[in-house]
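Got chain X; can you put chain D on it based on the hints?
Number of protein chains: 2
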Amino acid sequence: MTETKIPRATAKRLPLYYRYLNILHDGGKTRVSSNELADAIRVDSATIRRDFSYFGALGKRGYGYDVDNLLAFFKDILDQDRLTNVALVGVGNLGHALLNFSFHQDSNIRISAAFDINSQEINTVQSGVPIYPIEQLVTQLQDQQITVAILTVPSRVAQEVANQVAETGVKGILNFTSIRLSVPDRIRVHNVDLTNELQTLIYFIDHYDQK
Amino acid sequence: MTETKIPRATAKRLPLYYRYLNILHDGGKTRVSSNELADAIRVDSATIRRDFSYFGALGKRGYGYDVDNLLAFFKDILDQDRLTNVALVGVGNLGHALLNFSFHQDSNIRISAAFDINSQEINTVQSGVPIYPIEQLVTQLQDQQITVAILTVPSRVAQEVANQVAETGVKGILNFTSIRLSVPDRIRVHNVDLTNELQTLIYFIDHYDQK
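Chains as they are written, first to last, in this note's numbering: chain X, 1 to 211; chain D, 1 to 211.
Hints are computed from structural coordinates only; laboratory data are not their basis.
Only pairs whose alpha carbons sit at most 25 Å apart, straight line, appear in this in silico BS3-like list of lysine-lysine:
{"#": "1", "chain 1": "X", "residue 1": "Lys75", "chain 2": "X", "residue 2": "Lys60"}
{"#": "2", "chain 1": "D", "residue 1": "Lys29", "chain 2": "X", "residue 2": "Lys171"}
{"#": "3", "chain 1": "D", "residue 1": "Lys12", "chain 2": "X", "residue 2": "Lys29"}
Given the structure is predicted, the values throughout are model-derived calculations rather than measurements.
For reference, chain X alone in the conformation it holds in the complex (with noise of 0.2 Å):
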């Protein structure tokens, strides 16, 4: 991947175009074309194919894109040179499930501190990540210069949390808490809602299933 020559604006649609490919997956799409993306992602066709060019992914005229070989594709790009170092706040049941969650097989991105809370874990190595006491969240997150922070908090401290947060470099959260964080715009929240997950699929399986 000779991500270097992409230019800023074209690298900066490619999580869009990821998102939207996926969802075109979830709906058993096969294949899409420039004109109906552009539609879907407010960017002209003529940007997308020229984007999809530096990429290196080719349309096929009266066919248009191959939806699984697009998202291979930039599933490969979005993988990072370098290494990320991501802070797990909160080690209950979802936190000691991530900590031994094998990220680092898979991409660049690699667990490097825990943090939690009056729990005997404090101090211990768990899964080769070290749970410091929560206290410890801004002067660690600021000595390691860690720039991701995943939050699995209860719900109720999930705010609180978010605060203390950004107080440091942190720029980016995955949010697996069901509370909608209040944080700077320097700071990019992603959600992932688990029940909402669930209750979409059942909310599809209801709807389209219907003889």
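Chain D only, in chain X's frame:
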């Protein structure tokens, strides 16, 4: 919610609206017009306005719809009237996290059976949920008429387990493994790819934050 009055075609479009609005929300967009939505999800704007009027959501001329209001609104509609029993296949770390996850608190969803292999927890009750040996998967799903399964098994056995699930009346799978499952058309798969979520977040902050 008088959901019975909503035409089926309208109901079918709801998850699509919901997903696209979540993308807009995550991108920091606070309002959207029916024309923008129309272009994005390939439904004409008159249909969208009619759909939304069934839901009782009204846009303001020259302003459009408030994204957060629409999201909260659709979240309400997606709530089920009746309880949906769900099976959890694979009681490792993530499985345990989901067993303890309070789906039922926010929604009418309940994990009513879990399955694992070779675990000391087989034939015990964990977090109120009975754990069955995986050999009983097909029988129990059929006996309990379960229509949704959550897959939290190791990736290497994911397809094999999906094949067994496909022998039952299950209509939807929430897939937490990194495998893209191959299943019959009557089964809808939603993929929750945590590595992708993190990668996309990291890509976003890398490319949007450069000064």
